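> Here are the chains, one letter per residue:
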Amino acid sequence: MSDNESENETLMALKAELGDQALEELGEEKVVSMYKDMVRIRRFEDQAGRAYQQKKVKGFCHLYTGQEACAVGAINALRDDDNVIAAYREHGHALARGLDPDRVMAELFGKAAGVTNGKGGSMHLFNVDKNFYGGWAIVGGHLPVAAGMAFATEYRDLDEVTMCFFGEGSIHQGVFHEAANMAEVYDLPVVFVIEDNRYAMGTELSRVSAVTDLKKKAKAYDMKAFGADGQDMFDVWSTSKDAVDYARNESRPALIHLDTYRYKGHSMTDPATYRDKDEVADEQRRDPIQRMSNWLVDQEIMADDDLSEIDEAAKEMASDAVDFADQADFPDLDSLTDDVYVDWPWEIR
Amino acid sequence: MSDNESENETLMALKAELGDQALEELGEEKVVSMYKDMVRIRRFEDQAGRAYQQKKVKGFCHLYTGQEACAVGAINALRDDDNVIAAYREHGHALARGLDPDRVMAELFGKAAGVTNGKGGSMHLFNVDKNFYGGWAIVGGHLPVAAGMAFATEYRDLDEVTMCFFGEGSIHQGVFHEAANMAEVYDLPVVFVIEDNRYAMGTELSRVSAVTDLKKKAKAYDMKAFGADGQDMFDVWSTSKDAVDYARNESRPALIHLDTYRYKGHSMTDPATYRDKDEVADEQRRDPIQRMSNWLVDQEIMADDDLSEIDEAAKEMASDAVDFADQADFPDLDSLTDDVYVDWPWEIR
Amino acid sequence: MSREITYRQALNEALFEEMHRDEDVFLMGEEVAEYDGAYKVSKGLLDEFGSDRVIDTPIAEAGFSGIGIGAAMMETRPVIEMMTFNFAILALDQILNNAAKLRSMSGGQLSCPIVIRGPGGAGGALGATHSQSLEAQYAHVPGLKVMMPSTPADAKGMLKTAIRDPDPVIFIESEVMYNFTGEAPDADEEYTIPVGSADIKREGSDCTVVTWSRVYHDAVDACETLEEEYDIDVDLVDLRSIRPFDKETIAESVKKTNRVVVVEEGWPHASVGSSISSWISRELFDFLDAPVGRVHQRDVPMPYAFNLEAESLPQAEDVVEAVKEATYYSF
Amino acid sequence: MSREITYRQALNEALFEEMHRDEDVFLMGEEVAEYDGAYKVSKGLLDEFGSDRVIDTPIAEAGFSGIGIGAAMMETRPVIEMMTFNFAILALDQILNNAAKLRSMSGGQLSCPIVIRGPGGAGGALGATHSQSLEAQYAHVPGLKVMMPSTPADAKGMLKTAIRDPDPVIFIESEVMYNFTGEAPDADEEYTIPVGSADIKREGSDCTVVTWSRVYHDAVDACETLEEEYDIDVDLVDLRSIRPFDKETIAESVKKTNRVVVVEEGWPHASVGSSISSWISRELFDFLDAPVGRVHQRDVPMPYAFNLEAESLPQAEDVVEAVKEATYYSF
Ligand SMILES: Cc1ncc(C[n+]2csc(CCOP(=O)(O)OP(=O)(O)O)c2C)c(N)n1
Ligand SMILES: Cc1ncc(C[n+]2csc(CCOP(=O)(O)OP(=O)(O)O)c2C)c(N)n1
Ligand SMILES: [Mg+2]
Ligand SMILES: [Mg+2]
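Chains as they are written, first to last, in our numbering: chain A, 182 to 530; chain B, 182 to 530; chain C, 976 to 1306; chain D, 976 to 1306.
To be clear, the hints were calculated from the coordinates, so they are not data collected in a lab. A few of these clues could be false.
To be verified - To give an idea of the chain D side of the interface with chain B (calculated C-beta under 8 angstroms), a few residues:
| # | residue |
| --- | --- |
| 1 | T1032 |
| 2 | D1068 |
| 3 | S1079 |
| 4 | M1080 |
| 5 | S1081 |
| 6 | G1083 |
| 7 | Q1084 |
| 8 | G1099 |
| 9 | P1141 |
| 10 | F1262 |
| 11 | A1265 |
| 12 | A1291 |
Only a predicted model underlies this, so the values are computations on that prediction, with no experimental measurement involved. Ideal Cβ placement from N, Cα and C applies to all residues, glycine included.
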């Protein structure tokens, strides 16, 4: 084995002890189902990207490919009655939270059967039955909203936790600062999850941030900070569990920094020329799905065939979703004025 | 001497070694003139408060009484060609920067002879000839503007420093976070001076801030932070000099935390019932003017008579300013539409 | 109506009553708790309801509005106090992009029953940054409702309605009016005023005046002068809600008088007054015997100087002049 | 006019030329430098002028706008790019309370020669938060100037004017128009268009259409249909600046046609269109043979679904209908 190859190996390895912990705490079935979720997300995004190229999906469409371990690891540290809120790169979180892929795809297609009846689109997915609260497309805009959700559960003396996902580029918005301070002052059980995929559109973090270790931000609020390898599903899960437990038990906010990477452009219209292919290839050596595949085989939980089957099933799920979305109807034109207000007595014209 | 009295003594003492440093670097005359400036500010504010009660000054009027050492100490660490920008409690900064007390008072009276022709009022003093750039009344709103001033001097390769004053309550605004990060990223020579007088209106810092050691905020931006006793003119001056030198020489931002106190209500309409008289009395034991008076006498630079003379002169300056303002004219009604645009070709009506 | 209370007290009572009625209602903002409110509107609420429901915030308008929006989305009933609406500009993204759109973007899954309230308009020698009538920023935006009461009775009835409303309501008061007194319903009388209903506060047949909020009171003065000195009888429509606005009441009045003046406190361009005037001019074209008159602030940032401030703001005399112009107009 | 360029290239040329002309001009915003701009408007500028003058920012609209304002106050000439004006809401406090008021509040000691530019309006299936025509937020505010070019030639001439203007200019482009092509003056021809000057882009005598920005192009389509199918000849006024707006040109046209329709992309209430309509209705009352027609977006947050988006936005057919209504109106 050359030096290079051995380095590859090292990079590919998951934190094995956390795998053991997961097996013990979650059981094999759950671990496998988390793995499946990652694969489903990836295949879903493949289809979303394809549909975009076919102009079936329009507008801004931000694929989650490469970051699957973040949503799956973190959301699986939550209870069903906990609350999830994310930004505009949220297909993955939606699926990890159990939203129906058919209805998510239909939403991307702008169809009435979509999770928000075609009103929200890719950037504004909501499914309240699953305690999935969006889909927010103004960078940083949902951070105080997340604090407010935690405020409401506290107000009601519930022990639910709110988990809020956002990109590393969002941390520079003033509302991050405002929300973080107030979350700490009001003792709000909100977990802020930074998915640090190195880029905000074409801007690498270090070019616009005075600090690159974003856990330092937490110090300005005496907030507890956690960090994990975002490409290691177990590390994300285990770290998130610690953070969620802390938030729930202490009723305090926490910050999690996830070191991840996106494989595709910022959105479907971004050719991503600001980074070279080598960098992407390099990052792919720690691909979250590949690493889990290796681990599952190593642990003899799965054989290669099983993995292929899972992948095939995920592909089918995704193409079924496209079929569903294709066949679904666009909203009635009458629905234009629905849901602007609870009671809609008037339209100004 | 009782224990209590000896504690008082301790509280009253300035950092003597910094006094020596100031004498050496600035000379006796300058030190005395800084002392005079503090006294002038206090007497000016006395008159401003009185005029407010007589309804000659209206609107919001925020007195600086108690905080004199901050403006005087910090601004005297600057060169004349450096730039000063402050919030709405800025009479003191204006006077310390050498603005004509007559014209400042006239501004408070809303007279045409005021520093901004009666347009700005107490909260929006400007005097560009003195490189005094306001007077900004939206809490935190001037922080990025200050960074922009430093950006402009950098852009022009000037070695001027911008000094920006604000209260501890302003630190929670998102723009603090945005301005601090960008000042660091763009290497801007701006010195952010927090005048921590413990209260933002009726709100004590600890009630709404996750951290009370505000120097911690700087860590989130790897920004250099300084701290001083805001009631010790020498400490403020010496610390500010270090910060200004650093900002100028390294072309980097710096944060100064000044531990100060305001004696009066937040504004003239605030009875300040949220704190008891003992607290104020306690704080007054470190009165910046009294401490300097003691020091000047101790050092045999001044005798008690000299001090009284300075005070008398300051009182006269302040009452002259009132006379001036009283006698000045209100602006012409025609001036209403002046200075909305550089060229004023139209008014929408 | 059996007693006189101040506008401040009316709001205070509404908050008390609604917080007693519904424990999901809470109040949040700068100085609302321990200080009893910058303008004392929340006086006594902390004592009555405790610090879980009356909450002081740091100076972070975007942040605490966002908290209110998130909490409203979870079906609590936040009342967010803006110390003044000049500072609400900092929260505008939260209000426009989150509160106003939440229901629509979620396909009706979520509502945002928040009230964002506080004083707007000029307060008296506060200078340019603190003297703005910014209701147009909200009236423009579908998804919001905007209410601006002018009297104590309206303030009480409308704030109660606003708090019960399932959608986000922007509720703009006035520093100057807090001490105004007026008739009000008994303390224990259940009293609410529907969103979108105007009130004819004075009947007349010569000219309609449409107005809302503080300048309503200038319009009242103007009506007296007009009646006494010029024998002109004004039908005075207090709009109360500016989104939605009461088209029926305006139309009825204008069909009667055939002349109308729209009076607002703020700037003229892209304003609520311009919009009302445009609507009347179009929809009631055939009923108008004169152009729709307008009274508004001068198109300048508010100066501090007292005489300039007065010159800038619309005054009763301006209303008198505009009504005279509208009524003397011959087609 | 001797060549065709895109709207994008027109803006790019204006930036190039002005940055060459005046080294105080710099460009700042998200992705403007290394990425060449989210919409490539700043393509090549980094290479030409270096990173001291073409500056990438973090995602902090309030912060970098404030930096621009501070720098403008010190007599540099910042051009601040908003990735879209939806995000400029976050900077609105800086723009309204600082940029717009600086000159007035300083008693004329300071100016704020800043340009804040970027795309506004709907971009195509971007959903509610990313499809807003928010020019009313700026048009309302004295101290600002607001320009919205609709063609490449105008874009170039107006951006050059905006950059040279001593006051703060809000310059709103359109994502949809960046690829539109049109005639433009030669590259080396000095070409500027004064603030506040409208342009009659098509002469007609039957009805005036007043519009600006993207929907101008719908209006053009409508004019063709109206001429071909209904023999109605429209006088098409492209307002170009909406603050100040060109009253003379509007008045001249309406005096000729006696009928007018105001077409805007955004929401109807408290909008620029309502304001223009109000002004026309009042000032040209005696010249109007029909109510001022209006075309605008439906009063709803923009839905994502493609058919609903189209249904929500004003279309050429809506202009056709409105002009027909205005011209068939009999008094
Ligand atoms: C306030 C605001 N400014 C700008 C944008 C445009 N924008 C959308 S995503 C994005 C980059 C965000 O990067 P990051 O937070 O790192 O998230 P990622 O896309 O990497 O997941 C930008 C600038 C926006 N949506 N909102
Ligand atoms: C954005 C904004 N919100 C609220 C206010 C009202 N306000 C004026 S001063 C002030 C307190 C500021 O306290 P601090 O920053 O500590 O300064 P100090 O008054 O103590 O000097 C508040 C809340 C404002 N002017 N601007
Ligand atoms: Mg990122
Ligand atoms: Mg303070």
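> Does S1081 of chain D pass the interface check with chain B, least Cβ-Cβ distance below 8 angstroms?
holds, 4 angstroms
> Does F1262 of chain D meet its interface restraint, that is, does its C-beta lie within less than 8 angstroms of any C-beta in chain B?
violated, 19 angstroms
> Does the CB of D1068 of chain D sit less than 8 angstroms away from some CB of chain B?
holds, 6 angstroms
> Checking hints one by one. Is A1291 of chain D an interface residue toward chain B, by the C-beta closer than 8 angstroms rule?
violated, 30 angstroms
> Does the nearest C-beta of chain B fall within a distance shorter than 8 angstroms of the C-beta of M1080 of chain D?
Hint holds; M1080 of chain D Cβ to chain B Cβ min 4 angstroms, cut 8 angstroms.
> Given G1099 of chain D was flagged as interface, is its beta-carbon under 8 angstroms from a beta-carbon of chain B?
violated, 30 angstroms
> Quick check on P1141 of chain D please, does its C-beta sit within 8 angstroms of some C-beta on chain B?
holds, 4 angstroms
> Can the hint on T1032 of chain D be confirmed by a CB-to-CB distance to chain B that is less than 8 angstroms?
Hint holds; T1032 of chain D Cβ to chain B Cβ min 7 angstroms, cut 8 angstroms.
> Measuring from the C-beta of Q1084 of chain D to each C-beta in chain B, is the shortest one below 8 angstroms?
OK, holds: Q1084 of chain D within 8 angstroms of chain B, min 4 angstroms.
> Grab the minimum C-beta distance from S1079 of chain D to chain B and call the hint holds if it beats 8 angstroms, violated otherwise.
holds, 5 angstroms
> Is the hint on G1083 of chain D kept, meaning its closest Cβ partner in chain B is under 8 angstroms away?
holds, 4 angstroms
> Given A1265 of chain D as an interface hint, is its Cβ closer than 8 angstroms to any Cβ of chain B?
violated, 25 angstroms
Hint violations for this structure: numbers 8, 10, 11 and 12, all remaining hints satisfied.
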